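Protein chains in written order, with this note's numbering: chain R, 167 to 271; chain H, 537 to 1072.
The set of hints was computed from the structure by calculation and includes no laboratory data.
Mixed in with the good hints, there may be bad ones.
Stated by the list, open to error - Once the Cα atoms are required to be at most 20 Å apart in a straight line, the calculated SDA-like pairs of lysine to any residue come out as: (1) 256(R) x 782(H); (2) 237(R) x 1062(H); (3) 256(R) x 566(H); (4) 576(H) x 212(R); (5) 576(H) x 190(R); (6) 237(R) x 1063(H); (7) 256(R) x 1028(H); (8) 256(R) x 770(H); (9) 566(H) x 168(R); (10) 755(H) x 238(R); (11) 576(H) x 189(R); (12) 576(H) x 242(R); (13) 576(H) x 187(R); (14) 576(H) x 183(R); (15) 755(H) x 218(R); (16) 242(R) x 1001(H); (17) 237(R) x 1001(H); (18) 237(R) x 770(H); (19) 214(R) x 242(R); (20) 597(H) x 181(R); (21) 237(R) x 217(R); (22) 256(R) x 984(H); (23) 566(H) x 202(R); (24) 237(R) x 772(H); (25) 237(R) x 767(H); (26) 242(R) x 1062(H); (27) 1001(H) x 927(H); (28) 256(R) x 574(H); (29) 242(R) x 1024(H); (30) 256(R) x 567(H); (31) 242(R) x 574(H); (32) 242(R) x 1063(H); (33) 242(R) x 986(H).
Note that this is a predicted model, so its numbers are computed, not measured.
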Amino acid sequence: MPVFEVHGRTYDVDEDGFLQEPSVWNQDVAADFATSEGVAELTDAHWKVINYLRNYYLQFGIAPMIRKLCKETGFKLNEIYQLFPSGPAKGACKLAGLPKPTGCV
Amino acid sequence: MSQPKPEQLVQIQYGPQPRDWMDPAVEFRKGTFCYSALAKNLNYLGLPNARDWQPFDEDWKLPPDWKRIILDGMKERLEKFRSFRLFMDICVRCGACADKCHFFLGSGDPKNMPVLRAELMRSVYRRYFTLAGRLLGRLAGARDLTEDVIKEWFYYFYQCTECRRCSVFCPYGIDTAEITMIGRELLNLIGCNINWVLEPAANCFRTGNHLGVQPHGFKDSVDFAVDELEELTGIRVDASINRKGAEVLFIVPSADYFGTPHYYTFLGYLALLHEIGLDYTFSAFASEGGNFGLFNSHEMIKRLNAKVYAEARRLGVKWILGGECGHMWRVLHQYMDTMNGPADFLEVPVSPVTGTRFEHARSTKMVHICEFTADLIHNGKLRLDPSRNDHWTVTFHDSCNPARAMGLLEEPRYILRSVCNRFHEMPENTIREQTFCCGSGSGLGTDENFEMRMRGGLPRANAVKYVHQRHGVNLLACICAIDKATLPPLLEYWVPGVEVAGVHELVGNALVMRGERPRLTDLRGEPATQAEAVHA
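With the rest of the complex left out, here is chain R:
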């Protein structure tokens, strides 16, 4: 099983670098994973997306619809891509400690 090492800390991750155990997530974890996603600094805009994803995940056990994420955070999809270069599912979800969505997505 791959391990992600940053700032002297190590995390069990999958082959795509997603956190294996979502329950170990906290804000420091998000900051650590930002380095793997080409996000130089976590701004308020980043946190708005991350916190929304995190809260939705705790309630529903999965990421929200992409359209809902955009609407509830007020960011257009291309703005999410500017914040998280790999996009909402692969970039933002990784920082929020969510598993990667699978299927026809």
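With the hints as your guide, set chain H onto chain R.
Relative to the frame of chain R, chain H by itself:
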């Protein structure tokens, strides 16, 4: 991961390879294969040999008696599926299929010629199941089954999207997809699976859908769509879930209520079914039309499909309507009835709006939404304003399974010509039953497989490029959720400037609803292209 640029990828070598084809060695280079299935997913589904491993590992940790398991599995399937034995025996290696595979066209790798991909298994069949092969070995085209052969099978049977384009050209009618299916099924017996297939399958088994959406999450998504459709049209639709006694059960791929651009098609469904007043309900358990069991084994198809008829029975509906999904229709059309039927508690589907009896679905009791909508339009039951789609110049990508596995060729085109003013076909050898695959079907649409997806999708993208340059096409319409997920990155790679949409997104745009307020935007929330006063 750094990705190759289009101008690099398009340098394809079609010349003969220096190596003998019987040499099974393959290189698992990043970008050209999918990751192994996680042990937790095998355990959840009760599949054998759950363990930590990856295709690029030297040791695949196969069970000690792996060879016996594969050969016993082959023997069992040769006896069970007459088609499999026939396809092993009758190929004359004429080569008609050789240049019909998108993966061969995009990679130049001879083992992606369907004839040679099948030969990888035929050579083992000859060695252990024919007299000539047992006696003459290599001379008779027979190969020993070794661990390297298993790795080669894994590489090439997960480099076939089971699209069946090759079978259209085979003079013997050999269906190479069925050989790939058996190949994957045999690999499954010794725990060699990919995660992009088995995680959705495990999710499906647990929650009813690939994404793992639970009932309260499903309701949250449907409610959100209902709210948003009201903002867009001024009309509040009723989209019920698990409502007993509804006339129709409506089953869609879960990506329709999760992904983009799938979601706009979901809005289109809601608008249409409200406008005609269909008495329908969703099911929070049969909340997935797709069936990744098709990419794993016949047994898994049956297990995942069982919920469709079970929910139809529980809810007491008369018949079932299905949404825009590709491989779902191969399962529904060709397997469901005999695997989990007969559904004699349902009625032959009749459109309550037009009175049309869908005789072709008299056995499965399940109708494709394109058949249903085309019938509505044909009978003049919809008010449509195609000019609302004038910002799009549209072409249609036939998704492999609806086209080749159920012959759904005319209905989507009839709908598109009714809801759009600007429609252009791609070249005829790339559409209808000769359609080119998206390159990411059958569970191969993962990020780590990016290079091979771009290679496999090249012929499709090339045809899109033709109509993009010739007619200014800026929208590729399709009726498959995998297409909607994987064609946008494919087109961004090869043909920037062409977007992807479902057919019912365009229906939803054009549909003039009773009591609606002027549409200021399309279903994507983009400003409407022209004055709306006419319909006010």
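Quick rundown of the hints versus the structure:
no., hint, result
1, 256(R) x 782(H), "violated, 38 Å"
2, 237(R) x 1062(H), "holds, 14 Å"
3, 256(R) x 566(H), "holds, 18 Å"
4, 576(H) x 212(R), "violated, 32 Å"
5, 576(H) x 190(R), "holds, 19 Å"
6, 237(R) x 1063(H), "holds, 16 Å"
7, 256(R) x 1028(H), "holds, 17 Å"
8, 256(R) x 770(H), "violated, 34 Å"
9, 566(H) x 168(R), "holds, 15 Å"
10, 755(H) x 238(R), "holds, 17 Å"
11, 576(H) x 189(R), "holds, 17 Å"
12, 576(H) x 242(R), "violated, 35 Å"
13, 576(H) x 187(R), "holds, 13 Å"
14, 576(H) x 183(R), "holds, 17 Å"
15, 755(H) x 218(R), "holds, 18 Å"
16, 242(R) x 1001(H), "violated, 27 Å"
17, 237(R) x 1001(H), "violated, 33 Å"
18, 237(R) x 770(H), "holds, 18 Å"
19, 214(R) x 242(R), "holds, 13 Å"
20, 597(H) x 181(R), "holds, 18 Å"
21, 237(R) x 217(R), "holds, 14 Å"
22, 256(R) x 984(H), "holds, 12 Å"
23, 566(H) x 202(R), "holds, 18 Å"
24, 237(R) x 772(H), "holds, 19 Å"
25, 237(R) x 767(H), "holds, 12 Å"
26, 242(R) x 1062(H), "holds, 11 Å"
27, 1001(H) x 927(H), "holds, 18 Å"
28, 256(R) x 574(H), "holds, 18 Å"
29, 242(R) x 1024(H), "holds, 17 Å"
30, 256(R) x 567(H), "holds, 17 Å"
31, 242(R) x 574(H), "violated, 34 Å"
32, 242(R) x 1063(H), "holds, 14 Å"
33, 242(R) x 986(H), "violated, 25 Å"
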